[in-house]
Amino acid sequence: MLIDIRPALDISALVNNLKTASARRARGRFSEHLAAVYRKLVFWHRTYYVGSVGERRSKR
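Residue numbers (the numbering used here): 134 to 193.
To be clear, the hints were calculated from the coordinates, so they are not data collected in a lab.
The structure displayed is predicted, hence computed values, not measured ones.
Among the hints, a few may not be true.
As the list claims (entries may be wrong) - Using C-beta positions, here's what the derived DEER-type ranges look like:
no., residue 1, residue 2, range
1, Y181, R160, 15 to 25 Å
2, V183, R160, 19 to 29 Å
3, A168, P140, 33 to 43 Å
4, E165, I138, 30 to 40 Å
5, N149, V186, 15 to 25 Å
6, A141, A168, 36 to 46 Å
To be verified - Cross-link-like lysine to any residue pairs, in silico, SDA-like; alpha carbons within 25 Å at most:
no., residue 1, residue 2
7, K152, Y171
8, K152, V186
9, K152, V170
10, K173, V148
11, K152, V175
Don't be surprised by glycine CBs; every beta carbon is placed ideally from N, CA and C.
Throw the hints in and build the complete structure from the sequences for me.
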């Protein structure tokens, strides 16, 4: 996933928001299937990786 953000933005807060929103959406759409696969309430692992691509511009 390539995301263009301002340098002042808190990356950990952004990642947390993305993980929270995507987990809620997945649980809402696929709750029956996920209940059979995931026994715990945790959807995402707590770790993540962030890399920088410098001056790369995203295509719009």
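Against the structure, the hints come out as follows:
Checked against the given bound of 15 to 25 Å, the beta carbons of Y181 and R160, roughly 19 Å apart, stay inside it. Separated by about 25 Å at the C-beta atoms, V183 and R160 satisfy the suggested range of 19 to 29 Å. Under the hint 33 to 43 Å, the C-beta atoms of A168 and P140, about 41 Å apart, fit the expected range. A C-beta distance of roughly 35 Å is found between E165 and I138, which places it inside the suggested range of 30 to 40 Å.
Between N149 and V186 the CB atoms are about 21 Å apart, so this pair conforms to the stated range of 15 to 25 Å. Checked against the hint of 36 to 46 Å, the C-beta distance between A141 and A168 comes to roughly 40 Å, which is consistent with it. As the CA atoms of K152 and Y171 are separated by approximately 16 Å, the hinted pair is consistent with the 25 Å bound. Between the alpha carbons of K152 and V186 the distance comes to roughly 21 Å, so the proposed pair stays at or under 25 Å and holds.
Note on K152 and V170: the hinted pairing holds, with a Cα-Cα distance of about 18 Å set against a maximum of 25 Å. About 21 Å separates the Cα atoms of K173 and V148, which keeps this hinted pair within 25 Å; it holds. Taken as a hint, the K152 and V175 pair is honoured in the structure, with Cα atoms around 11 Å apart against an allowance of 25 Å.
Going through the hint list in order, the structure satisfies each hint without exception.
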